[in-house]
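K.L.:
Residue strings, one per chain:
Number of protein chains: 2
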Amino acid sequence: MNVDGTPFRTIWRSDDGWSVEIIDQTKLPHAFETLRLCDVGDAARAIREMEVRGAPLIGATAAYGVALAMREDASDTHLQTCYETLLATRPTAVNLRWALDNMRAYLLPIAAPDREAAAYARAVEINDEDVEINRGIGKHGVEIIRALSEAKGGGRVNILTHCNAGWLATVDRGTATSPIYEAHDRGMDVHVWVDETRPRNQGASLTAWELGRHGVPHTVIVDNAGGHLMQHGQVDVCITGTDRTTGTGDVCNKIGTYLKALAAHDNGVPFYVALPSPTIDWTLSDGVAEIPIEQRDGVEVSEMTGRTNGGNIETVRIVPDGSPVANYAFDVTPRRLVTGLITERGVAPASADGLAALFPERVLKKGSA
Amino acid sequence: MNVDGTPFRTIWRSDDGWSVEIIDQTKLPHAFETLRLCDVGDAARAIREMEVRGAPLIGATAAYGVALAMREDASDTHLQTCYETLLATRPTAVNLRWALDNMRAYLLPIAAPDREAAAYARAVEINDEDVEINRGIGKHGVEIIRALSEAKGGGRVNILTHCNAGWLATVDRGTATSPIYEAHDRGMDVHVWVDETRPRNQGASLTAWELGRHGVPHTVIVDNAGGHLMQHGQVDVCITGTDRTTGTGDVCNKIGTYLKALAAHDNGVPFYVALPSPTIDWTLSDGVAEIPIEQRDGVEVSEMTGRTNGGNIETVRIVPDGSPVANYAFDVTPRRLVTGLITERGVAPASADGLAALFPERVLKKGSA
Chain A
1368 MNVDGTPFRT IWRSDDGWSV EIIDQTKLPH AFETLRLCDV GDAARAIREM EVRGAPLIGA
1428 TAAYGVALAM REDASDTHLQ TCYETLLATR PTAVNLRWAL DNMRAYLLPI AAPDREAAAY
1488 ARAVEINDED VEINRGIGKH GVEIIRALSE AKGGGRVNIL THCNAGWLAT VDRGTATSPI
1548 YEAHDRGMDV HVWVDETRPR NQGASLTAWE LGRHGVPHTV IVDNAGGHLM QHGQVDVCIT
1608 GTDRTTGTGD VCNKIGTYLK ALAAHDNGVP FYVALPSPTI DWTLSDGVAE IPIEQRDGVE
1668 VSEMTGRTNG GNIETVRIVP DGSPVANYAF DVTPRRLVTG LITERGVAPA SADGLAALFP
1728 ERVLKKGSA
Chain B
1368 MNVDGTPFRT IWRSDDGWSV EIIDQTKLPH AFETLRLCDV GDAARAIREM EVRGAPLIGA
1428 TAAYGVALAM REDASDTHLQ TCYETLLATR PTAVNLRWAL DNMRAYLLPI AAPDREAAAY
1488 ARAVEINDED VEINRGIGKH GVEIIRALSE AKGGGRVNIL THCNAGWLAT VDRGTATSPI
1548 YEAHDRGMDV HVWVDETRPR NQGASLTAWE LGRHGVPHTV IVDNAGGHLM QHGQVDVCIT
1608 GTDRTTGTGD VCNKIGTYLK ALAAHDNGVP FYVALPSPTI DWTLSDGVAE IPIEQRDGVE
1668 VSEMTGRTNG GNIETVRIVP DGSPVANYAF DVTPRRLVTG LITERGVAPA SADGLAALFP
1728 ERVLKKGSA
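Protein chains in written order, with our numbering: chain A, 1368 to 1736; chain B, 1368 to 1736.
What the hints contain is simulated information worked out from the structure, not anything from laboratory work.
There's no promise every hint is true.
The list cannot tell twin chains apart, which means a pair is met if one copy fits it or any two copies do.
To be verified - Capping the alpha-carbon separation at 20 Å, the derived lysine to aspartate or glutamate pairs in EDC-like fashion look like this:
hint, residue 1, residue 2
1, Lys1394, Glu1670
2, Lys1506, Asp1552
3, Lys1394, Asp1688
4, Lys1394, Glu1667
5, Lys1732, Asp1720
6, Lys1506, Glu1496
7, Lys1732, Asp1653
8, Lys1394, Glu1416
Using the sequences provided together with the hints, build the complete structure.
P.N.:
Written out as structure tokens, the structure is:
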């Protein structure tokens, strides 16, 4: 997407043809800085220190990390070493493992002297595939926005989103944001209510930043505000992302998504979830019962980081000393509250049948799970 | 309630018999400091600068402010001047106006030389009446907690609350917290999930602080987390306060209350609202349609104040420069989502009939609104 008029991906090959550049997301939203990754150590640090984050972008960065490693030493031993180095950066990230498995399987049969070129080529493909999936989500999702706009006689469509399922979490365009960027770029009048998304504030710090840089009208609100807005007709549609989707259409996404889905249902506001199909876990059927919810460090709740008046980045404590804190990272929104799932192949009802109709080749045969 | 073992109200007469002391709530939760109010100017500053806050406590402070004014000059002119000075501090606070009207009407017929003593006596009454109302709420509300505990075979009762309808918002005991303190003081095993309550964080900074000082087990969570907890049986009951209640049982409370009521309803968790009966507005019947929602300064959303590692109080910006912000202060929870209203006279169903049965003398006659 654009940063004040100039197109950027979140990761790209430098003009030198071999090093890799990224946007340093630890500096957002207060500074826009890029970093150059010159070896696999740089790539590992970028993932570990969350200079890049978001499942698709982590995978894309790991793929380039393998290419950087092959440039140094294309031996089988080094291929295995870089695989392990990169995997250890965020061991629970499914996309990270997928990208590394894919790169290793692709490169192992290739003779060492040809591996560097092959690794760059495959990394570029993995990056481009992510963008294509997101373009597909945008192409199908924009029709929802168009229909809402037409129902309002061409008026502004107000979209509520939660967390950052945006350009910054992917290589380009994002998932939940892809239909929004598509609508905006086609000249439709859209406005986004951006949930700040406590405790890590990815909405306020990342989604608001990227929408602002691309020029999409938006307003930041606290997570508490969406219900009131829906009661008063100020939200036409909700679109969120998902970290994990059951084969039956339950959605596990950033904590608080469920509360917005309840408010949407109570007020007749359509609630859509955008997802690349690889996030569907076909082995799961009951999200609330089956998906374990990660508990993260309480300092994310008890402390807040921002920019002081003097321009410094500072962390402040906001909870009394001695008060315990709990920090659940995700919640599950049952499919009965989800209007539809926006995938790269089209919009599916949030149900086993709905997903199976779009992805018939992926449905698990009975007994195979 | 107790502060680490020593009983405190939020406002009290000093040992000198005439000056008034308060807890400086602007220092919470990072420091416990008291302030001495020696004249009406001190009282006005305390209200204006939010050294005291919460509707009942503001009224109680204003009453003492009039007493301090009468000590200086008990003339009709000064009575009117101090009325206007105090009213101007928070012009939209209903309790402030009520307390000032009450004090003025009480004092005007009294001869000037007797006004100082009369003013202190009436201020003490207004303070004690608040405590008595809250004790009544506690006495009736504790039966709800007792029944839930018995249904669990005497096990721990987990209570979720939002914002600060606590001791610190009143003279003592609080409204939503009164049944909780009552249960705790009677030896029942209670634990409170404290919503941080963005944007002003009254839950994390005030409710967690007062529960901690009194020794009530509690855990601070982000506002996004309550739905997940309810899905997993970790909340037995919700109890919140209310700023304004319609005669039909709709509840206008801090933004985000509605989302918790939806989650409670979706998971079969009882949702109670505690209120002193003066907050019932008998002229209103449809809260969502009729109650205007205040929009406050966006800096409450875009900035956050806390304590740095070095011990300083610092404010940091958490929203990108240039991103607009909206800040709705309250939302309305429709009566269909409210299990019951805990008042000083008992627990009423959230309905016109339910409230009328408890407060028959206050119901407006048809055509009188």
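K.L.:
If a hint holds in the structure, say so; if it doesn't, say that too.
P.N.:
Hint-by-hint comparison with the structure:
1. Taking the shortest alpha-carbon separations for lysine 1394 and glutamate 1670, both the intra-copy value of 17 Å and the inter-copy value of 17 Å come in at or below 20 Å.
2. Proximity of lysine 1506 and aspartate 1552 under a CA criterion of 20 Å is satisfied intra-copy only: 12 Å inside one chain copy versus 60 Å between copies.
3. For the homomeric pair lysine 1394 and aspartate 1688, the shortest alpha-carbon distance between copies (13 Å) is at most 20 Å, but the shortest distance inside one copy (28 Å) is not.
4. Proximity of lysine 1394 to glutamate 1667 under the C-alpha cut-off of 20 Å is restricted to the intra-copy arrangement: shortest distance 17 Å within a copy versus 22 Å between copies.
5. In this assembly of identical chains, lysine 1732 and aspartate 1720 lie within 20 Å of each other by CA distance solely inside one copy; the values are 13 Å within and 57 Å between copies.
6. For the homomeric pair lysine 1506 and glutamate 1496, the shortest alpha-carbon distance inside one copy (15 Å) is at most 20 Å, but the shortest distance between copies (63 Å) is not.
7. With identical chains, the CA atoms of lysine 1732 and aspartate 1653 are at most 20 Å apart within one copy only, with a shortest distance of 17 Å there and 53 Å across copies.
8. Taking the shortest alpha-carbon separations for lysine 1394 and glutamate 1416, only the intra-copy value of 12 Å comes in at or below 20 Å, while the best inter-copy value is 35 Å.
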